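Chains as they are written, first to last, in the working numbering: chain A, 73 to 282; chain G, 393 to 645.
Because the hints were derived from the structure by calculation, they are not lab data.
Some clues are possibly wrong.
Claimed, not checked - Simulated restraints on C-beta separations:
| hint | chain 1 | residue 1 | chain 2 | residue 2 | range |
| --- | --- | --- | --- | --- | --- |
| 1 | A | L189 | G | L410 | 47 to 55 Å |
| 2 | G | V491 | A | A125 | 27 to 35 Å |
| 3 | A | S216 | G | P400 | 36 to 44 Å |
| 4 | G | E534 | A | G185 | 20 to 28 Å |
No experiment lies behind these values; they were computed from the predicted model shown.
The beta-carbon is built from N, C-alpha and C at its ideal position, and this holds for glycine as well.
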Amino acid sequence: MIKVDVRRKAFGPSEILRDIPFEMGDSEAVAILGASGIGKSTLLRLIAGIDDAFEGEIVRPQNIAMVFQEPVLLPWRSVLQNLTLVHPLLGEDAARAALERIGIADKAGLFPGQLSLGQQRRLALARAFAGRPALLVMDEPYVSLDPQTAEEMLELTEALIAETGPAVILVTHSEAEARRLAKRTLRLAGRPATIADGTGPPAAKREGAA
Amino acid sequence: MSDNGQNPLIVRTLSLGLLLLVWVAAAALTADASILPQPWALAEPLARAVGSGALPYHLAMTLGRVVMAFVPAMAIGVALGFLMGRYPAFDRWLDPWLVVFLNLPALVLIVLCYLWIGLNETAAIIAVVLNKIPNVATLLREGARALDPNLDAMAKVYRMPPMARLRHVVIPQLAPYIAGAARSGIAVIWKIVLVVEFLGRSSGVGFQIHFYFQLFDVAMVLVYSLTFIVVMLMVEALILQPVERRARAWRTA
Numbered sequence: 073m074i075k076v077d078v079r080r081k082a083f084g085p086s087e088i089l090r091d092i093p094f095e096m097g098d099s100e101a102v103a104i105l106g107a108s109g110i111g112k113s114t115l116l117r118l119i120a121g122i123d124d125a126f127e128g129e130i131v132r133p134q135n136i137a138m139v140f141q142e143p144v145l146l147p148w149r150s151v152l153q154n155l156t157l158v159h160p161l162l163g164e165d166a167a168r169a170a171l172e173r174i175g176i177a178d179k180a181g182l183f184p185g186q187l188s189l190g191q192q193r194r195l196a197l198a199r200a201f202a203g204r205p206a207l208l209v210m211d212e213p214y215v216s217l218d219p220q221t222a223e224e225m226l227e228l229t230e231a232l233i234a235e236t237g238p239a240v241i242l243v244t245h246s247e248a249e250a251r252r253l254a255k256r257t258l259r260l261a262g263r264p265a266t267i268a269d270g271t272g273p274p275a276a277k278r279e280g281a282a
Numbered sequence: 393m394s395d396n397g398q399n400p401l402i403v404r405t406l407s408l409g410l411l412l413l414v415w416v417a418a419a420a421l422t423a424d425a426s427i428l429p430q431p432w433a434l435a436e437p438l439a440r441a442v443g444s445g446a447l448p449y450h451l452a453m454t455l456g457r458v459v460m461a462f463v464p465a466m467a468i469g470v471a472l473g474f475l476m477g478r479y480p481a482f483d484r485w486l487d488p489w490l491v492v493f494l495n496l497p498a499l500v501l502i503v504l505c506y507l508w509i510g511l512n513e514t515a516a517i518i519a520v521v522l523n524k525i526p527n528v529a530t531l532l533r534e535g536a537r538a539l540d541p542n543l544d545a546m547a548k549v550y551r552m553p554p555m556a557r558l559r560h561v562v563i564p565q566l567a568p569y570i571a572g573a574a575r576s577g578i579a580v581i582w583k584i585v586l587v588v589e590f591l592g593r594s595s596g597v598g599f600q601i602h603f604y605f606q607l608f609d610v611a612m613v614l615v616y617s618l619t620f621i622v623v624m625l626m627v628e629a630l631i632l633q634p635v636e637r638r639a640r641a642w643r644t645a
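Build the full structure now, drawing on both the sequences and the hints.
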């Protein structure tokens, strides 16, 4: 069970988020929609535990993975090391298998800068799933990809989610992406941003639970 | 690289040859070997200094001091610069100190260290270290400020252990700054070490230069300085540059 209850988040005098409560099940996928600049990424950073400075409470599992807008790889370490250094418990064989799974097994010894952007994104995706996370947080993972690569990434993500079964929180401004990966959506709006409307059965149940 | 016919190695050699030519011409015009001897006139005093063991001994003493000062100056400077770049509060407190020490002439620090600590090895090393730390810290502060926040977030989400984070996330980002600080550091340190030796030590290249300065022996002053310059250029080319190249390998791959 993941429980998010952000009462207030501000950067200095400007308040970004207010009153964002929602809960989600262990293998549930939730998409967070909203205009750009509304505070979606800020909310994700709170949920992922990157930013602790806010009022409220978040109950989350220990084992979290995150896919960022950029690949955010270690450019000075090899493709294989990008998996093994981040997940020390993952053996080299498992890391190679993970590269095989995303189709870049032959690139294990290269530096990330020698991969195409699409391959870097797939590596970032492999890194996220390699730790078998209980919660996967994705911050617009398909932004700035051409439609075909984005489609490939989406299919890969769907397959990996089906294999690993984490709870997923996805930030996007594409309704299509949201519908494909998540049954439930939350829409942020307003300033400070709050939940404007939520769809799907758990959102309706939330009213009673809260 | 050599598409316009300018092989860097050839240009460097020619440029150095030109400098040598200026020396020869100046020596010919002076026509007084006690003021400026011809380059080849240094061979005999050089052989004498090497043969007597004096040159190797003093060179080793100076190199020892350079290393003794370089290591703590780098370690303390890197740590301070990193903390200053990472924690603004720390920076606000320490920045005025940095400005003071950056603007304190090396000579003042050296004289004060000798006066307060005494004419000994400790004072000499401390004077050099204190002279160098502010430069290293300033460079590293820039490096720490430029650390990628996304990589930080990634390391945090994936709960990378602190040592792994330092080794694989932070240090590689700081490497160009550390390499830059090391190169400019060694260049500054060996010059300050000579001054320290000149003023208050009884060994080392600086001491020998002081000695021959009092004898007005230009040839020996040149022999000692040129030998040391060659040694430091070799340290740069054989140790510092390869280390830097290795740290940058991923950029050019």
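Tested hints:
1. A:L189 / G:L410: 47 to 55 Å: holds (48 Å)
2. G:V491 / A:A125: 27 to 35 Å: holds (31 Å)
3. A:S216 / G:P400: 36 to 44 Å: At 39 Å between Cβs, range holds.
4. G:E534 / A:G185: 20 to 28 Å: holds (23 Å)
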